[in-house]
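Using the hints, position chain B against chain A.
If you're matching them up, the sequences are chains A and B in order. Okay, so the first sequence: first residue is 6 according to our numbering, each after it adds one. Okay, so the second sequence: first residue is 6 according to our numbering, each after it adds one.
Everything labelled a hint here was simulated from the structure, so no lab data went into it. Do not take every clue at face value.
Claimed, not checked - Quick list of the computed label-pair ranges, beta carbon to beta carbon:
id: 1; chain 1: A; residue 1: Gly243; chain 2: B; residue 2: Asp98; range: 31 to 41 Å
id: 2; chain 1: A; residue 1: Lys108; chain 2: B; residue 2: Ala10; range: 22 to 32 Å
id: 3; chain 1: A; residue 1: Lys277; chain 2: B; residue 2: Ser212; range: 57 to 67 Å
id: 4; chain 1: A; residue 1: Lys208; chain 2: B; residue 2: Asp14; range: 42 to 52 Å
To be verified - Interface residues of chain A toward chain B, partial, derived using beta-carbon atoms under 10 Å:
id: 5; residue: Ile81
id: 6; residue: Met157
id: 7; residue: Gln166
id: 8; residue: Val172
id: 9; residue: Tyr179
id: 10; residue: Gly257
We put the beta carbon where it would ideally sit given N, CA and C, even for glycine.
Here are the chains, one letter per residue:
Protein chains: 2
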Amino acid sequence: MDLKAYRRDKRALVDQGLKSVFPEPEGFAADVIRAMTYSLFAGGKRLRPILCIAGAEAVGAEAATVLPFACSLELIHTYSLIHDDLPVMDNDDLRRGKPTNHKVFGEAVALLAGDGLLTEAFRLMAATSGVDPHALLRVIRLAGSAAGYQGMVGGQVVDIQSEGKPVDKPLVDYIHAHKTGALIHASVTSGAILGQGSEERVKAISSYGEKIGLAFQIADDILDVEGDSKTMGKGVGGDARKKKITFPAAVGLQKAKETQRRLVEESLGALKAFDEKADPLRSIAVYIIERKK
Amino acid sequence: MDLKAYRRDKRALVDQGLKSVFPEPEGFAADVIRAMTYSLFAGGKRLRPILCIAGAEAVGAEAATVLPFACSLELIHTYSLIHDDLPVMDNDDLRRGKPTNHKVFGEAVALLAGDGLLTEAFRLMAATSGVDPHALLRVIRLAGSAAGYQGMVGGQVVDIQSEGKPVDKPLVDYIHAHKTGALIHASVTSGAILGQGSEERVKAISSYGEKIGLAFQIADDILDVEGDSKTMGKGVGGDARKKKITFPAAVGLQKAKETQRRLVEESLGALKAFDEKADPLRSIAVYIIERKK
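So that you can see chain A by itself, here it is in the shape it has in the complex (with noise of 0.2 Å):
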């Protein structure tokens, strides 16, 4: 299958449906909607979005049903890049070659821009409509919980906590289930119970889930390591100096290639039950660990 054509397809569709949710900057609270188009237009993958509908469809689903729900995961994902930015946290100047949010609107302004997309995420789930609202419920809880304290939340507090600690290995396994891996699985588990999937099906799709998302992150940690700074739009060799806890920190890069490339053969036999209807989703484990940004 030609991933790259299914990639800007749907690319293209996520786009067209976050373009409908936020109306054009106008009255008193212009600069908050500018300040959260800025970072949700600058260039993303929207990886996620594209996840949760390859999952919808792996199960027989349209893309159009979950689109809504899709895009609110692009929300989530740009409000986390938006507050991991500022100074408090990571402190970065550029995020996909262009300045992050903080140094365009300030850090008040950015901090609130980051809160109304976590918050618009949610009230943007619960207006899918054309689903069933008991799966709805079960993915908003399912988003909420990866999102949360209990997912990326309390992934991103350990990871500023750990900055210049030892390097320990079930403190990395912590960050990177928590701060990347949650969010991804729930993604495609999501679209795969809005897709109305059996229950043993939306099972595969959720451990298919799980594997990505430790490989996505082993893949930025290598990518920080091994990566072009030009193609990235972003400073390479961050994690080093920020004394972070990485998994080539932990276990050496060839470790860390070896255990990317395991937990891809996984996630692809993951899917063996499925037929070329989850053909997106097996080029997306690949593309996950050979992608170059």
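Here is chain B on its own, set in the frame of chain A:
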């Protein structure tokens, strides 16, 4: 009716509900759990959850039916206070007589504790069982609008940006309606919706909520001028010092007091068709402008 006893009983119910949301602070994410619960149990009035419960009771439902949803509103309120107190925002050291979250846990953890509370709020909403799922999705959308950039976050952005600017009545009205009014309105209205009130009853309670939301913020502004800092557990006169756009600054103290009284009368008028089950709402309206903190 004995509002003091009613508030005490419902507060105990809400506190019990809130206590069951978070686990003991253990494991890697212990610090963020500590930070979230520190602010959550710092002595809040629980006004929003109590309004939600009273809204449900006014249309004949039981408090227990809406309890998880009601608790989630307190999570949203608490997150907004933590972020509002941060140095990049209002830079406050004291809240309810205690050091603010970032003074105890540092700015990074405070930021993430706020994010964690906001996210958990929506997870908890979606976990409200035993209610109509369509009604539940409707109130999640309502809370999302009220808390997000079209509501509270929008009001906070404008509040921060207006500091030091000439006092302007439309600006005050915008800040009041959005920063505080929107979530108070959503709290009582969501109770009536989840309690399966008729559309006519929901509309009446929505009108009540709009009036008391505005009255509440005017009362807050007046307390900042006339209140006793010991009773309030925080400094007074902060609005004037920070050159905040307030209602008394816009129209004068006398006119501000007249306006809040008029709003409370109008809120009582909106409840004319209700029987004694709406008495808690009636008492709360009066309490809102008579409170000393």
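Failing hints, ascending? When the structure is compared with the hints, numbers 2, 8, 10 turn out to be violated.
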